[in-house]
Structure formats: C-alpha cells, structure tokens
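Given the coordinates of chain A, work out where chain B should sit on it, guided by the hints.
For the record, the sequence lines run as chains A and B.
For the first sequence, the working numbering assigns the number 1 to the initial residue and increments by one for each residue that follows.
For the second sequence, the working numbering assigns the number 118 to the initial residue and increments by one for each residue that follows.
Derived by calculation from the structure, the hints in this document are not laboratory data.
C-beta atoms are modelled at their ideal positions from N, C-alpha and C, and glycine is treated no differently.
Misleading hints may appear alongside valid ones.
Unchecked claim - Computed, partial: chain A to chain B, Cβ under 7 Å:
id	residue
1	Thr-31
2	Thr-32
3	Ser-43
4	Ile-93
5	Gln-106
6	Phe-108
7	Ala-110
8	Gly-111
9	Leu-114
10	Ser-115
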Amino acid sequence: GAVVSQHPSWVICKSGTSVKIECRSLDFQATTMFWYRQFPKQSLMLMATSNEGSKATYEQGVEKDKFLINHASLTLSTLTVTSAHPEDSSFYICSARDVAGDGNIQYFGAGTRLSVL
Amino acid sequence: RKEVEQDPGPFNVPEGATVAFNCTYSNSASQSFFWYRQDCRKEPKLLMSVYSSGNEDGRFTAQLNRASQYISLLIRDSKLSDSATYLCVPSSGSARQLTFGSGTQLTVLP
Numbered sequence: 001g002a003v004v005s006q007h008p009s010w011v012i013c014k015s016g017t018s019v020k021i022e023c024r025s026l027d028f029q030a031t032t033m034f035w036y037r038q039f040p041k042q043s044l045m046l047m048a049t050s051n052e053g054s055k056a057t058y059e060q061g062v063e064k065d066k067f068l069i070n071h072a073s074l075t076l077s078t079l080t081v082t083s084a085h086p087e088d089s090s091f092y093i094c095s096a097r098d099v100a101g102d103g104n105i106q107y108f109g110a111g112t113r114l115s116v117l
Numbered sequence: 118r119k120e121v122e123q124d125p126g127p128f129n130v131p132e133g134a135t136v137a138f139n140c141t142y143s144n145s146a147s148q149s150f151f152w153y154r155q156d157c158r159k160e161p162k163l164l165m166s167v168y169s170s171g172n173e174d175g176r177f178t179a180q181l182n183r184a185s186q187y188i189s190l191l192i193r194d195s196k197l198s199d200s201a202t203y204l205c206v207p208s209s210g211s212a213r214q215l216t217f218g219s220g221t222q223l224t225v226l227p
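Just chain B, with the same shape it has in the complex:
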C-alpha cells in the first residue's frame, strides 16, 4: 500500500467550478499535513497547511480527519491559474520529513 494515495485525475473543470480532491495516508504517526501545488517541470510550492479543525484560505478549504487518515482540499470558483498538480503531503519523524503523494492533476478550462 502506498503511504499517500491520491486520485491521479486528470480533473478537467470549467472556470468557476468547485472541485474537491481527496487523499488518504497510511502513517498514523504523521504530525503535520500540507497541500502543495506543482506546476509542470517546476518545484512544489506550499498551498496551505491542514489542521484538524479545518482551515480556509480564500477560495481554498482544507480538512483533516485523523481518525480516518483522510485529507481533503476544496477549490471554489476555479481560475485558469489553478491548473496544476496538487500534492497531498503528510509530515512525520523528528526531522519532519515530507511524504509526497503522486498528485492530482487539475486543468481549469476557459
């Protein structure tokens, strides 16, 4: 079983749509959780941290369910610039190592 499982997509949605991504992780000792986005042939960029209470940053809402080891990301009012691969990333260990999923590819269409 992979440490981080994500639906690879691709998700093709029209501008303005709402889209949700899900992720499960296997390491119950994971301490922190993040969503990163990665554009083609670029480095990952932090989108947001994920907290158990749920958190929102503009059009983006992240949720964490530790009991189910499940993380989600909701994007509202999609923009063309949201097109990217979204990576679900738990962190664990004393060095706070990140474990990357293979990502979910999103394409927002005009």
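Next up, chain A with everything else stripped away, as it sits in the complex:
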C-alpha cells in the first residue's frame, strides 16, 4: 500500500522554540495532505488541509501564524509549530491522499510526538 513518511517521530524542545515536522508521500503524488492533532484520550482533530502550490486551509480555531504549513511539492508538506509552548504538546499526524489511486483513501504518517518543556 501507499506509504507516508513523517519525521521526526519524537521532539522535545524548550518553550519558545520552533519545530518543523515533515510529511512525505514516498510512492505516490499527493496534491492534498492533511495535518491532525490528537491530545491524550481524544479523537484526531483536523488542523488544516495542505494544498500543493497554494495556501493551506485552516480549521476554525487553528492559528495560521502559529502553525505554518508549506506544501511546495507533490510529495512534501511541512508543518512548523512556531514559538512552541507547553500547551502545544501533542501528537501531530499527517496524511495524504493518493489521487491516482482510490482518491478517497488517506494514508497516515506514523505521527510526531511533541513535548514542549
């Protein structure tokens, strides 16, 4: 099946630093990628839809200046958590749609666990 690589898998950082997370589709092209966040014992919440070559679409309540998304190629989207604070500690997961295959199916990266001290 399609593979999505997400890096890094773990990040521990000091409050105020910025953290960049990469999401790559390894064997297919993804014009659309998605970024989710999951707090303990809660469901995945969509943060934003990342569109190749254009601005991301953010969900209500998600600060676009806080969570910068860049989707510069058909296989790479990045999420940068700027000036991270302890409340940003969470499990961040990306996914990508294989538009050439079954465009309805999203494949997920393994997630990034962010801990802000």
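Frame of chain A; chain B shown alone:
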C-alpha cells in the same frame, strides 16, 4: 451534537467472540465512509471502506445505512491482535476531509 458518535467502550471480550460496533454521523453530505483502527500511541490504519451494499473482509463486516446515517462494524472470531481503538470515519467535502469519532476501545482477552 458531535459530528460522529461512537460508544467509547471499553469492550472487553474473550478470544473467539463476535463483537459489534455502531456509529452515527451528523453530516448528511458525507460521501465515503471508513473504519480505521488505532493502536495505543500510533497512527490510525485503514481497516476497511464501508459501502451501502455492505462489505466483508475476512472476519470483518461493515454496513452503512445512509437514511439513518448509521455505520456498523462486526468482528467475528476475535483475536488478541484485534485489541485496539476502532474509529468510525466519514469523509466529506471537495478535499475528502475525514472526520474522526472518538473511537471505541476493544480489548480481546485470552
């Protein structure tokens, strides 16, 4: 009202048991439907798509009732490895966005 409602469980069943999960969704414009499973501290993995005609994949059977906005998953002959959280996930919108329920936790006991 939540967009996707699932019984959180936990469901604790013995090996070999049959277990059923139900889900309702509120967005009548939802186009596609999926069941994902998520293991503790891992990403969701697609279990199966759900079709109006019902579909089966080995021990797993999924049903969709669009009129009632209801989705179900039946697991037969439960295995220890089936222990996970099962997520009911409708898809909607031009970008095929997924909306995740909070999941139903299943533990299969030896």
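Item to complete: Tell me, in ascending order, the numbers of any earlier hints that this structure violates.
Response: 1, 9 and 10
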